[in-house]
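Student: Take these sequences, add in the hints, and give me the full structure.
Each protein sequence line maps, in turn, to chains S and U. The first sequence maps to residues 1 to 156 in our numbering. The second sequence maps to residues 157 to 657 in our numbering.
Honestly, the hints are just simulated from the structure, not real lab data. Positions of the beta carbon are idealized from the N, C-alpha and C atoms, including for glycine. Some clues are possibly wrong.
Claimed, not checked - Here are the simulated BS3-like cross-link-like pairs (lysine-lysine), alpha carbons at most 30 Å apart as the crow flies: (1) Lys210/U <-> Lys97/S; (2) Lys441/U <-> Lys210/U; (3) Lys141/S <-> Lys342/U; (4) Lys409/U <-> Lys141/S; (5) Lys441/U <-> Lys97/S; (6) Lys210/U <-> Lys342/U; (7) Lys141/S <-> Lys97/S; (8) Lys342/U <-> Lys565/U; (9) Lys441/U <-> Lys409/U.
Unchecked claim - Which residues of chain U face chain S? A few of them, derived with a C-beta cut under 10 Å, are: (10) Ala188; (11) Ser320; (12) Ile331; (13) Ser350; (14) Val353; (15) Pro354; (16) Met376; (17) Arg382; (18) Ile553; (19) Leu568; (20) Asp588; (21) Gln613.
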Amino acid sequence: MDVDRKRPDRPVVVIGAALLAIAAVVVWQGFQVRASFGSQALGPQMMPFLVGGFLAVLGALTVVAGLRGEAPARDPDEPVAVVWIAGGIAAMLLLIKTAGFIPACAVLFAATARAFGSTRPAVDLAIGAAMAIVIFVFFAKVLGLSLPSGLAESWF
Amino acid sequence: METLSLLLNGLSIAIQPANLLFALVGVVLGTAVGVLPGIGPAMTVALLLPVTFKMDPAGSLIMFAGIYYGGMYGGSTTSILLNTPGESASIVTAMEGNKMARAGRGGPALATAAIGSFVAGTIATALLAIFAPWLAEVAIAFGPEDYFALMVVAFITVSATFGSSRLRGLTSLAIGLTLGIVGIDKLTGQPRLSFGVPDLLDGLEVTTVAVAMFAVGEAMAVAAQRGKEGEGTVEAIRGSLWMTAEDWRRSWKPWLRGTAFGFPIGALPAGGAEIPTFLSYAAEKRLATNPEEFGHGAIEGVAGPEAANNASAAGTLVPLLTLGIPTSATAAIMLAGFQQYNLQPGPLLFVTSADVVWGLIASLFIANVMLIVLNLPLVGLWVRLLSIPRPWLYGGILVFATVGVLAAKASLVELGVVLALGLMAYGMRRFDYPIAPVVVGMILGPMAETQLRRALQISNGDASVLVTSPISATLLAVAVLALLGPMLWARLGWSMKADED
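Tutor: This is the structure:
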């Protein structure tokens, strides 16, 4: 049996450890819940304890699977593309209440297009902005739903 | 025939102009997202939840069901012409369908997929109309402990029984259950897992989680793999869209067999439309008089699986409407759609909201007719969607998705949650963790908790009610079997392998 043993898969061990950490947070938060009446164990604390315990078991099993190298093989990938998309959402988060909804959407559109290999950021920004204007007008004027907005929308 | 008169009453609701319009919008959107890669029916329904919040329940539910059916039709077009399935339920279709398109038989491949979808969708919707009221009557006797046990069965089968790994499937489920805990406890008003952030007290929005899990996670995963498999070329539609007599002769049995696989598997809490498509493909290959043609464009390999995935969509609606149990990600999000109108799917829905339920079922027949018109004569229009450059397509999807999140709740905290969960969803795809159990766990988890606590309150905390109720005990036994069955099987296989050594 030991002959078959593959090398430990470090990322999978990390996933298992992360699951154990989440389990700890869920159980700890379960202890923080205080109901003023009724049985605690059968009340709001039960689900966090059950799910936390479940997560802990799965985390431990994942660590074991990682140490045994039992995870499926993965293709190498380009983390740069992931960073572009995550960066686009983060930029939107920062821009939406300052520069405004329309520039924020344009930046997210252009960053995503860049992640997919587009090389014309100016064109992407323009398309993203045009799309955002249509969406904003539709939501604000037709549906009457309010979207978070900033400087750019103050001109509407 | 009581069912028939209820169905006729439903038909009178479904043919109201507004509801016809909702059905049309639904099937058009559904076909579009089915054709386009990177966006599917589950996320589309989630994005529409905030927009439809103020609309008439019957109309928006008709639209959601149209999206679900339409996604199954549209997915086949992409599979056949591009060899990149638009939906996971169309993976099998690509195997034979794309070969047919390359051999100049794209027209008949599209035709057998669309007509097969129509035949299967119509038969399966009729079965839905027959079985749903019957099941609802059985389910009226269910107590809270029975519901809890039923939900446990759904959890296990969706996450563990059919996936590539029980450990990873259950882990996805546990993450979904954790997300479901966030917010104020419904029974006692206590905040849980909110970390003092006021925006989290209402719990996570379904739209937020769906966008992170599907749109963001998928865009990241596809972008990171870009260039590895090549862009793929869209085959022109060659060959007449009319099937020859030979094509019809070879297609009709696979359609019916595909329906026979799809409907029951969709209706059991056994998760997803992929399984019946694989079973149907395997069955057609075994029954074929010309098995050597499989892998080179056999029409049976398109007809069967396409019928199976449409039949399973109708089958999924049986447990959703009668028991309130979703067995796929789309069904889970539709359940959230019912809840936003304070409609609780379950046996009582057939009594309290008969108009909504029967209007919905009747409109599915109409949606099927609309879909075959949209997908055969107009197929050329849909193909043009595939010529949108990928950078703009995904850019547009992400903009729409994030706007949908903000429309559901105009809070930047939600956007931060999208970023965090989106990165997690990318990691899950990378490490082969399934996504559907997260969505099902998040939506069904709080309901399971409510039922369990109700059952334990009635029994004064005696957990043995779960095994003393015969229905609950049987269902829990099924759950254990669904969890351990594959393991025993694997162990037997493993020991046999050891003997060979």
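Student: Could you run down the list of hints and mark each one as holding or not?
Tutor: Okay, the hints, checked on the actual structure:
1. Restraint check: the Cα-Cα separation between Lys210/U and Lys97/S comes to about 26 Å, which is no more than 30 Å; the hinted pair holds.
2. For a cut-off of 30 Å, the pair hint linking Lys441/U to Lys210/U is broken: about 49 Å separates their Cα positions.
3. At most 30 Å may separate the alpha-carbon atoms for a hinted pair to count; Lys141/S and Lys342/U exceed this at roughly 35 Å.
4. For the suggested pair Lys409/U and Lys141/S, the alpha carbons sit about 52 Å apart, so the restraint of at most 30 Å is broken.
5. Only pairs whose Cα atoms come within 30 Å are accepted, and Lys441/U paired with Lys97/S is rejected, the gap being roughly 58 Å.
6. Distance check on the hinted pair: Lys210/U and Lys342/U sit about 23 Å apart at the alpha-carbon level, within 30 Å; holds.
7. Note on Lys141/S and Lys97/S: the hinted pairing holds, with a Cα-Cα distance of about 19 Å set against a maximum of 30 Å.
8. With a C-alpha separation of about 20 Å, the suggested pair Lys342/U and Lys565/U falls inside the 30 Å cut-off, and the hint holds.
9. With a C-alpha separation of about 13 Å, the suggested pairing of Lys441/U with Lys409/U holds against the 30 Å cut-off.
10. Hint status for Ala188/U: violated, given a least beta-carbon distance of 16 Å to chain S, over 10 Å.
11. The criterion of a C-beta within 10 Å of any C-beta in chain S is met by Ser320/U, whose closest approach is roughly 7 Å, and the hint holds.
12. Hint status for Ile331/U relative to chain S: holds, with the closest Cβ pair at about 8 Å, below 10 Å.
13. The interface hint given for Ser350/U is met, as the beta carbon of that residue sits about 9 Å from the closest beta carbon of chain S, less than 10 Å.
14. With a cut of 10 Å, the hint placing Val353/U at the interface with chain S is violated, because the nearest CB-to-CB distance is about 13 Å.
15. Checking Pro354/U against chain S: minimum C-beta separation of about 16 Å lies over 10 Å; hint violated.
16. The interface hint given for Met376/U holds, since its Cβ lies 5 Å from the closest Cβ of chain S, which is under the 10 Å cut-off.
17. Taking 10 Å as the C-beta cut-off, the interface hint given for Arg382/U holds, the closest approach to chain S being about 6 Å.
18. Proximity of Ile553/U to chain S holds as hinted, the smallest CB-CB distance being about 8 Å (cut-off 10 Å).
19. For Leu568/U, the interface hint holds, the least distance from its beta-carbon to any beta-carbon of chain S being 6 Å, beneath 10 Å.
20. Hint status for Asp588/U: holds, given a least beta-carbon distance of 5 Å to chain S, under 10 Å.
21. For Gln613/U, the interface hint holds, since its Cβ comes within 10 Å of a Cβ in chain S; the closest pair sits about 7 Å apart.
Violated hints, in rising order: 2, 3, 4, 5, 10, 14, 15; the structure is consistent with all others.
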